[in-house]
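Based on these hints, arrange chain H on the given structure of chain V.
Sequence order for the protein chains is V and H.
Residue numbers for the first sequence, in numbering that gives the first Met the number 0: 0 to 298.
Residue numbers for the second sequence, in numbering that gives the first Met the number 0: 0 to 298.
It should be emphasised that the hints constitute simulated quantities derived from the structure, not laboratory data.
As the structure is a prediction and not an experimental result, all values here were calculated from the model.
Cβ coordinates follow ideal geometry from the N, Cα and C atoms, glycine included.
It cannot be assumed that every hint is accurate.
Just so you have them, the derived chain V footprint on chain H, three or more residues with Cβ under 8 Å [unchecked claim]: (1) 108-114; (2) 152-159; (3) 169-175.
Derived Cβ-Cβ restraints for the label pairs, each shown as a range [as the list claims (entries may be wrong)]: (4) H:20 - V:147: 53 to 59 Å; (5) V:147 - H:126: 32 to 38 Å; (6) H:157 - V:136: 17 to 23 Å; (7) H:156 - V:192: 34 to 40 Å; (8) H:157 - V:108: 19 to 25 Å; (9) H:157 - V:292: 53 to 59 Å; (10) V:21 - H:182: 24 to 30 Å; (11) H:133 - V:21: 38 to 44 Å.
Every beta carbon over 12 Å from chain H, so not counted as near; a handful from chain V, in silico [stated by the list, open to error]: (12) 34; (13) 154; (14) 191; (15) 214; (16) 223; (17) 251; (18) 253; (19) 283; (20) 293.
There are 2 protein chains.
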Amino acid sequence: MMEQRTIKVDHELKELCTHGTAAFPMTVNHDDLLCFQGSCMACHWHEDIEIIVVRRGTVRYQIYQQSLVLTKGQALLVNSNVPHSAVPVDNSHVLLCTIIIQPEFLYGFPGSDMERKYFRPFCGNSRIPCILLEGKDEEGQEKLELLRRVETYFQERPFGFELKIQSLLLDFFFRIFSDNQEKVGRGTAADGEKLRRLQILLDYLHAHYGETVSLQDLAAQVHLGRESCSRFFKEMTGKTITRYLEDYRIGQSLPLLLAGNLTVAQIAELTGFSSASRYARAFRERMGGNPKEYLLHKS
Amino acid sequence: MMEQRTIKVDHELKELCTHGTAAFPMTVNHDDLLCFQGSCMACHWHEDIEIIVVRRGTVRYQIYQQSLVLTKGQALLVNSNVPHSAVPVDNSHVLLCTIIIQPEFLYGFPGSDMERKYFRPFCGNSRIPCILLEGKDEEGQEKLELLRRVETYFQERPFGFELKIQSLLLDFFFRIFSDNQEKVGRGTAADGEKLRRLQILLDYLHAHYGETVSLQDLAAQVHLGRESCSRFFKEMTGKTITRYLEDYRIGQSLPLLLAGNLTVAQIAELTGFSSASRYARAFRERMGGNPKEYLLHKS
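One chain only, chain V, in its complex shape (with noise of 0.2 Å):
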């Protein structure tokens, strides 16, 4: 059986994990959507530029409000503190690259000119929340050939290949600032107030999924009404409150059912579905079989 990987996350969805170490604050890492659990990336966040290159697969990407399809070599990049979740396109076996870079890495330090002018302005700047990379260009390929050589100096790690990886990533980033020019020079910050508040939907939805969850009382969390709740988290996630609830728990019930020592209508009971057709249902939807077929393919 594959190990179930899940992104660890503190009481605000901020992952715990640091990427790089401090000596060299940046990674990159091969992630095959399967070893995840429930075969998608949760809804989360971190301060750490992040950039996505799909190396096999159609993989969606939820940006806020925004989906994104993204397939075979193209890339994603995701600003600090955006929300993001992934998951496969029509089951397809999705394997990514994803260089995560803490901004000092690129910056210097703060009050450089690099900082100020550039990083300052663009990390977590609302108007810039992710930016795709389709290659359909020459500027466009460049780019992500820059990426490419990324990933190869990370892999095979010659004698200087911190400095040659900064240098990629500074001429990436360079073309980056100039392609968004504009919106760099007069942006708006991430709005924390938001991010917080939708923190605390999330841990209240991870902490009573198992049980009917009210739409009032979740509202009540962030003192909203049940209206502007629901547009609120539809807002920030691309997904509806009902919808979240549902993946998140077919989720959580994956590992149970590969435990194999309880019947699937106990897990629905316990992962709040209200019966066990209802659970079928919403597992077929997503992982497009039963879950005893599920279990079948994966044993």
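Chain H only, in chain V's frame:
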């Protein structure tokens, strides 16, 4: 009349002007050697790494005992804390582009992987005082091309130029470190004691050039015998003490000559020459004409 430039140095001969700013700690200068006092750059050193690209003429750099002749298109990297001086060859009109970099600009912060693994063993490494870049092969041409692009971005300053310059320089140093992997791998630190001793000798010469300087008195400053002192001075500057002192005296005489209110004999005496004819001879050797011809040429 041209403005005469001297390099301002403190009592340790370290340059007093900082290169670049704290927020962007590198700069690119364009120097005309004719604008320097005596048309040459006096012996000095600094912690910044300096990369000189010859844009016109032929120039001789003196790095310790090594004498390097550079012509148009060639470049020289001078390591941290390495005493260097420059004179034009055959009275040629020398134009230099110098890229001066505080190493922190490249390695980010003390303790970073890049500082520990590469810059700490490289900066001031006595086995690599300087590196000549001749562009004899494709890889050499590429390094010179990187420097040319640094110069262009510094002059034209498009949006994001700081990132591009850092990217280019990191690529340049990646290649330099790869070429010198073995030396960087097991470097020996620059000898601070030697630099301190050289500074004492130069201070003494600069304070007493107007008088007859006794080798015994000079050597006593650094607690060396006369022979050891002479050998040490030559080792560090590539010049004999006599030669250095005459060069310095000629340099000091130029502003007096140009001021026009002293006779050649008076100037010779003020700058420590034992006679007007000795002054004239030393002058002709260096300046390619006698003092009067020099004045005619300058006015």
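Now for the hints, and whether the structure bears them out:
1. 108-114: holds (count 5)
2. 152-159: holds (count 3)
3. 169-175: holds (count 4)
4. H:20 - V:147: 53 to 59 Å: 35 Å, violated
5. V:147 - H:126: 32 to 38 Å: At roughly 36 Å between Cβ atoms, residue 126 of chain H and residue 147 of chain V fall inside 32 to 38 Å, so the hint holds.
6. H:157 - V:136: 17 to 23 Å: 19 Å, holds
7. H:156 - V:192: 34 to 40 Å: Cβ of residue 156 of chain H to Cβ of residue 192 of chain V: about 37 Å, so the range 34 to 40 Å holds.
8. H:157 - V:108: 19 to 25 Å: For residue 157 of chain H and residue 108 of chain V the Cβ distance comes to about 23 Å; the hint holds.
9. H:157 - V:292: 53 to 59 Å: 57 Å, holds
10. V:21 - H:182: 24 to 30 Å: 28 Å, holds
11. H:133 - V:21: 38 to 44 Å: 40 Å, holds
12. 34: 28 Å, holds
13. 154: 16 Å, holds
14. 191: 26 Å, holds
15. 214: Holds, because the least Cβ-Cβ distance between residue 214 of chain V and chain H comes to about 46 Å, which exceeds 12 Å.
16. 223: Holds, because the least Cβ-Cβ distance between residue 223 of chain V and chain H comes to about 40 Å, which exceeds 12 Å.
17. 251: Label holds. Min Cβ-Cβ 39 Å, cutoff 12 Å.
18. 253: 39 Å, holds
19. 283: 49 Å, holds
20. 293: 44 Å, holds
The structure shown violates just one earlier hint, number 4.
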